Structure formats: C-alpha cells, structure tokens
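Residue numbers (numbering that gives the first Met the number 0), protein chains in the order written: chain S, 0 to 464; chain A, 0 to 332.
Mixed in with the good hints, there may be bad ones.
Said to hold, decoys possible - A few chain A residues that face chain S, going by a derived Cβ cut-off under 10 Å, partial list only: (1) L4; (2) A47; (3) V61; (4) G64; (5) S283; (6) L284; (7) Q296; (8) I317.
Because the hints were derived from the structure by calculation, they are not lab data. None of these values were measured; they are calculated from a predicted model. Backbone N, C-alpha and C define an ideal beta-carbon position, used for all residues, glycine too.
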Amino acid sequence: MDMDPVLLARLQFAFTIIFHIIFPSFTIGLSAYIATLGAMWLRTGTERYHLLMRFWTKIFAVSFAMGVVSGIVLSYQFGTNWSRFSVVVGNVIGPLIGYEVLTAFFLEATFLGIMLFGFNRVPPWLYVLSSAVVAVGTAISAFWILSANSWMQTPAGHEVRNGIAYPVDWFAVVFNPSFPYRFAHMLNAAYLTTGFVVLAVGARYLLAGIHAEQGRTMVRMAIGLMAVLAPLQLLIGDQHGLNTLEHQPIKVAAMEGHWDGSKPGDFYIFAWPDEKAETNRFGIAIPRGSSLILTHKIDGLFPGLTSVPPQDRPPVVPVFFAFRIMIGIGFFMIAAALYGAFLWWRGTLVETRWYLWIMSHCWWIGFVAVIAGWVVTETGRQPWVAYGILRTADATSPVPAATIAGTLALFVVTYGIIFSMGIYYINRLINRGPEGSAISDDGGGMANTPLGAARAAAREAISKP
Amino acid sequence: MEWYLPMIWAAVIGTAVSFYVILDGFDLGIGILFPFARDERERDQMMATVKPFWDGNETWLVLGGGGLFVAFPQAYAVIMPALYLPVIVMLLGLIFRGVAFEFRSVSDSQKRWSFAFTAGSIVAAFSQGVILGGLIQGIPVANGAFAGGSFDWATPFSALCGLSLVAGYGLLGATWLMMKAEGPVGQRGRTQAKALLLAVLVCMGIVSLWTPLMSERIYARWFSLPNFYYLWPVPVVTGVVALLLWRWIEKGREILPFVSSIVLFFLGYLGLVISNFPYLVPPSLTVWDTAAVPASQIFMLIGTLVMLPIILGYTVMIYWLFRGKVKEGESYH
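Work out the full structure: start from the sequences and follow the hints.
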C-alpha cells in the first residue's frame with residue numbers, strides 16, 4: 000500500500016495538536032476563574048466562593064494533566080516528524096519555545112503542586128496566590144507559543160541564507176505583525192470557552208434544583224464576563240481578519256470563497272467551493288458583504304484565489320467551512336451572553352428555564368469554535384508551514400510512511416482512551432457537585448504538620464458566614 | 000565565541016537532562032515499584048510522596064528536548080527521526096502514567112489506573128534507556144540528516160540500557176520511599192533498594208565493558224595514555240559509592256541512600272559523557288557541527304541565566320513546603 004508520508008505526518012500533527020488545544024483553551028480560562036474565586040473568598044470570607052474554588056480546582060487538575068501530557072508530545076514532534084522544519088527555522092522558532100518552557104512551564108507545574116495539594120500546608124493567601132501564579136503562567140505560555148505560531152504565519156525580523164532562516168531582530172521576531180491580534184483573539188477565546196462551561200454547569204444545577212446558591216453565582220459570573228468578552232471578540236476577530244488580509248491575502252480569499260479578485264466579494268452564508276472549476280456552487284450570499292467587511296467599502300476589491308496558481312492555494316473547502324463554524328458560534332455567543340445579561344437585568348435569569356436549558360447544553364461550543372479557528376488559520380497558511388520560507392511538503396523527517404501510520408494509530412487509541420475517561424471523570428465530578436467535593440477533601444486532605452491542623456481550624460473560623 | 004557557546008549549551012542541556020533523570024527518575028521509580036505494594040492504600044501513600052512534584056519534574060524533559068531544539072537544531076533533527084519509535088513510545092508511556100496521577104484519585108477502579116501508572120512508568124523508563132543506548136551505539140548520518148532505518152535502534156545493547164534505566168529508576172524510587180514514607184512502605188523500600196542496587200551494578204558493569212569493545216573511539220578515550228591516568232578514579236569512586244550505598248541501606252538510614260543513589264547516577268552519566276564527548280550524535284556530529292547560530296544561542300542563554308536560578312528557587316521551595324514523611328494511609332484525593 001502506498002501512503003504519502005507528508006500527508007500522514009500532517010494527519011498525525013493535526014490529530015495531536017487538535018487534541019491538545021482543547022485543554023489549554025479550557026485551563027487558561029479556568030485557572031483565571033479559580034484565582035478570581037480565591038480572591039473573592041479572601042476578600043469577603045464567603046464560603047460559597049471557597050467551595051466553588053475547590054470544586055473547579057478538582058476539574059482543573061484532571062484537565063491540566065491531560066494538557067500537560069499531550070503538550071509534551073508536541074515539543075518532540077517538531078523533531079520526530081518535522082526535522083527539516085527544525086533545521087530551517089529552528090534558529091528563530093527554537094528560542095521562542097525555549098522561553099515558553101523557562102518562563103511558563105516550570106512556573107505552572109510547580110505552583111500547580113501548591114494549588115492542588117497545598118491547602119492544608121500553606122496559609123490561605125499563598126494558596127490563592129499559587130492559583131493566580133498558575134493562571135499567569137498559562138497566559139505567558141500562550142504568549143510564547145502564539146508568538147511562534149504567528150511568526151510561522153507572518154515571519155519578520157529574520158533573513159534567509161541558503162534556505163535557512165537566521166534571526167536579525169528579536170523584537171521583530173517576537174512581536175511579528177500578526178502576533179498581537181492572534182494572541183488577543185486566542186486568549187479571549189480561551190476565557191469565553193471557559194465561561195460557557197461554567198455557565199453550562201451552573202445552569203445544570205439550577206435546572207436540577209441542586210447546589211442552587213453556587214449555581215446562581217456561576218451563572219451570573221459567567222454571563223457578566225461574557226457580556227463583555229463575546230462582543231469584544233467580534234471586534235478583535237475583525238481586526239485580526241484585516242491583518243490577515245494585509246499579510247496573507249490568499250488565506251482570506253479561501254475564508255471568503257472569493258475566486259475572482261477583479262470583482263467585489265460577496266459574503267457567502269453557505270456555498271460549496273469547487274476547487275477544480277474555481278467557483279462556488281449552491282451559494283447563498285449577501286452581495287458585496289465581504290467587500291464591506293474587509294475594505295469597509297461596498298465596491299472595494301481584494302485579492303481572489305485565482306490571483307495565484309493552484310499549487311500556491313490552500314485547500315479551500317476546510318478553510319471556508321471552518322470559518323463559518325467559528326463565526327456562527329461567535330454570533331451565537333454574543334446573542335446568548337447579551338440575552339442572559341438582559342434576563343439578569345430584568346431579574347428573571349434564574350427562573351427562565353428554557354434559556355438555562357439551552358445554556359446547559361452549550362458547554363462544548365467554545366471548544367468547537369477554537370478548533371475551527373485554528374483549522375482556518377493553519378489550513379489557510381498552506382501550502383506553507385513557514386509562510387513564504389518553507390513549504391509543508393519540504394519540512395518532514397526522513398521517516399517511512401508505515402512508521403508514521405503505526406504511531407498515528409497508537410496516538411488515536413491512546414488519546415481515545417484518555418479523552419473518553421477524562422470527560423467521564425470530569426462529568427462525574429460535576430454531578431457530585433461543589434459540596435460533595437469539599438466534603439471528600441476534608442476527609443482525605445493531609446494535615447500532618449502541626450500547623451496544618453491549626454490552620455484548618457483557623458480557616459474554618461474565617462470562612463463562617 | 001563560536002567555540003565556547005556550544006560548550007556552555009552542552010553543559011546547560013547536560014544539566015537539564017541530569018535533573019530530569021534524577022527528579023523524574025524517582026517518581027517513575029514509584030510507578031515501577033507499584034506492583035510490589037500490598038494494597039491500594041499503600042499505593043495511595045506511595046503516590047502521595049510524589050504527587051506535588053511530578054509535574055515540575057517532568058518539565059525538565061521538555062527543557063532537555065526543547066533545549067536541544069533551541070541550541071542544537073541539527074542534532075535534534077537527526078536524533079528524533081532516528082529514535083522515532085522509542086521517543087513516541089516513551090511519550091505514550093508518560094501520557095498514561097501522567098493522567099493516572101489524577102484519574103486514579105477520581106476513578107472507582109483504582110486498580111485500573113494503578114496498572115496504567117506502572118505500565119506507563121516502566122515503558123517510559125525502558126524507552127529512555129533505549130534512546131540512550133541508540134544514541135551511544137551511533138546514528139548513521141548523510142548530508143546532515145538521519146540516513147538509517149526505523150528499527151536501527153533495536154539492538155541487544157539498547158535493550159540492556161533500557162533494563163538498566165528501569166533498575167536505576169527503581170533504585171531511586173526505593174531510596175526515595177525510605178526517605179519519604181513511614182511504615183511498611185518505607186521499610187519495604189530497604190529490601191527493594193538492595194536488590195535493585197545489585198541489578199544496577201551488574202548493568203553498569205556490562206555497559207562499561209560493552210561500550211569500549213563496541214567502539215574503538217571509546218576504547219581509546221579510556222585506555223590510551225595519558226587518559227587512563229586521569230580517568231581511572233571514575234570506576235573506583237563508583238565502586239566506593241556503591242559500597243557506601245549498600246551499607247547505608249542496610250543500616251536503614253533515611254536520607255543518605257537517596258543522596259548516594261543520585262551520586263551513583265551522576266557517576267554513570269559522567270562515564271557516558273567521557274566516552275562520547277564532544278559528540279552529540281555519535282559517531283559523526285559534534286556539539287559544534289550541530290549548534291544554532293550564536294545570535295540564537297545568546298538570546299536563549301540570557302533567558303536561561305535569568306530564569307534558571309528562579310526556577311531552582313521555587314523548586315526548592317515546593318520540596319521544602321512538602322517536606323517530611325508521608326504517614327501510612329495518607330493520600331491526596
């Protein structure tokens with residue numbers, strides 16, 4: 000059987016990175032939420048916040064472990080599957096990833112130890128501070144990895160000699176043209192993703208009539224956050240799109256299904272892009288919609304796909320559809336958040352069961368939007384792995400197809416087991432609820448330092464309402 | 000600068016790898032010793048001795064791999080494809096034992112995740128030994144790229160290195176338990192440590208004899224004059240440390256067995272460095288052949304010099320916060 004090693008290597012990377020991105024999208028936001036709950040607990044002494052903090056920390060622990068182990072895989076895949084990539088851009092990309100390890104990974108991993116297991120060993124302020132440090136660590140990690148990814152999209156601050164990229168100006172490398180937009184877009188996406196999970200869990204409790212007090216707190220905090228962040232994401236996304244139009248116009252053409260650059264672009268709500276015929280079939284479009292969005296003029300022009308030869312175009316279908324999934328979810332999020340805020344203002348949020356019912360089933364939408372967004376940007380960069388410097392087909396390792404196929408199968412099986420068990424356990428923790436988890440904590444927590452017991456008693460006293 | 004920058008980086012990565020081997024070594028060792036515990040309660044206690052630390056310990060692996068990518072991209076681009084299968088299998092092992100830390104405490108079936116923890120730890124340790132062996136026995140290179148087959152690494156020698164590392168990590172784990180666990184778990188650590196020390200010494204002996212016989216270059220490094228005059232203390236000191244370690248285990252000392260196990264590891268590591276320096280990819284690519292450009296190495300070195308002391312600082316802090324022995328029946332659930 001003839002298999003294409005490049006395709007297999009791409010499938011393997013796509014599979015492992017899509018699996019991985021699920022967890023950071025959740026843990027970046029969740030650690031910030033946990034730290035916020037901790038700060039509110041310290042400030043107000045309200046037990047509700049403390050219970051919620053402990054509850055989400057348990058869920059965080061399970062998700063973070065999956066994020067860590069799937070992330071280590073990626074740091075080795077640059078070499079195992081993409082060794083030419085490592086040689087050609089290693090001088091530039093390498094240090095960005097190195098800085099991620101030094102400034103973020105150790106920080107997160109170490110303070111995670113205190114956050115998860117230090118409750119009976121350290122004073123409350125240090126316990127809460129550790130969760131804040133973990134939250135900052137996750138954001139720093141996002142900073143570096145998005146800088147590296149953005150450099151692959153919009154390289155800057157380098158020169159190419161004999162086919163190898165060399166750094167010239169580190170500031171320009173790190174803060175390359177698309178980085179600020181991508182960083183803001185992704186960080187905001189991570190907070191939104193977490194917001195919808197928290198909202199869904201809170202709604203689930205309210206509907207079931209259990210843990211009502213915590214449920215109300217969760218629903219309100221989530222809606223308060225999202226009423227700001229969801230509309231903000233539209234603004235950031237728009238700016239990010241304009242930046243992409245400037246630096247990677249063909250990616251934008253694929254997102255819009257825009258073939259002929261000599262005419263203004265319509266915005267297709269649905270279509271089937273036909274790459275052979277270089278046109279869209281079954282299109283339902285808002286005439287000149289894309290021109291209006293991208294050039295802010297009704298008859299503005301922007302480059303079409305046919306302005307470059309077919310071998311320089313990305314696969315149009317996945318980019319086109321993933322983009323529609325992402326913005327569809329984005330608009331749904333705005334509507335859900337604003338309507339929730341409206342209900343809250345009217346004072347009927349907790350009683351509006353149909354709204355809570357829908358929200359309780361929407362925990363997954365942020366994840367899908369994040370994955371769709373990454374499919375747009377990564378597939379849209381093709382056929383380049385480092386835009387304009389190295390083609391994906393030239394970036395692979397000298398490893399035979401059968402070896403890659405075999406390990407791909409192993410990854411699928413392993414991740415299949417880990418993922419389904421992880422989801423199952425998280426769901427069970429949610430079913431058990433905030434009170435359940437705090438009770439089991441006090442039974443199993445360690446208090447084997449003399450101070451530990453005293454602190455636990457002191458904490459009890461503080462946290463009485 | 001083009002001479003000493005790669006040297007500094009070789010030292011940094013060497014340090015990261017040795018930190019990894021010591022730190023993740025003892026928690027992988029706990030996984031290797033898991034089957035010998037009497038029940039899940041004892042396993043809870045064993046796991047509790049490492050739970051606050053394991054994630055930080057494993058990060059040194061990322062620094063080792065990431066550091067290689069940053070400072071020696073050419074070596075990274077040869078080693079990873081050459082050792083593709085053991086690297087991926089190691090990662091899969093680490094996945095299972097990593098999630099087992101959390102899954103085991105929320106699952107109904109602790110046994111299932113105890114098994115995953117053990118299997119993952121053994122597979123990861125064995126694969127790391129195979130990676131080491133595969134590197135030492137040499138990697139064929141042509142035009143700066145790997146030029147061999149997918150199974151070149153699979154030799155009796157690399158399998159022996161795999162077994163050595165399983166025994167070695169087991170020894171670190173057993174002496175760690177002597178230091179950190181009260182009751183029967185800590186006591187069992189003593190018996191286990193003795194058996195594992197013997198196994199480690201046998202493995203080290205065979206590897207030490209096999210490598211010079213396998214490679215004339217390594218033979219010449221150790222046995223040519225005047226090298227031999229400088230290098231003979233290495234095996235002698237190793238023997239003395241092994242002897243002391245044995246006595247301290249017998250006496251049931253708490254901290255010294257763990258410390259001397261670490262020293263034993265360092266000596267083995269030193270032997271490998273002496274055998275192979277300055278090759279990063281034996282037998283053809285040296286640290287200088289594979290180095291990133293000075294601009295990249297300097298940029299990264301500045302960050303490393305600033306961050307590494309801070310990292311070491313809070314690493315010490317967390318070990319101090321969780322100091323003391325874990326009692327029988329204690330766990331973090």
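Task: Structure-inconsistent hints, enumerated in ascending order - done: 1, 5 and 6
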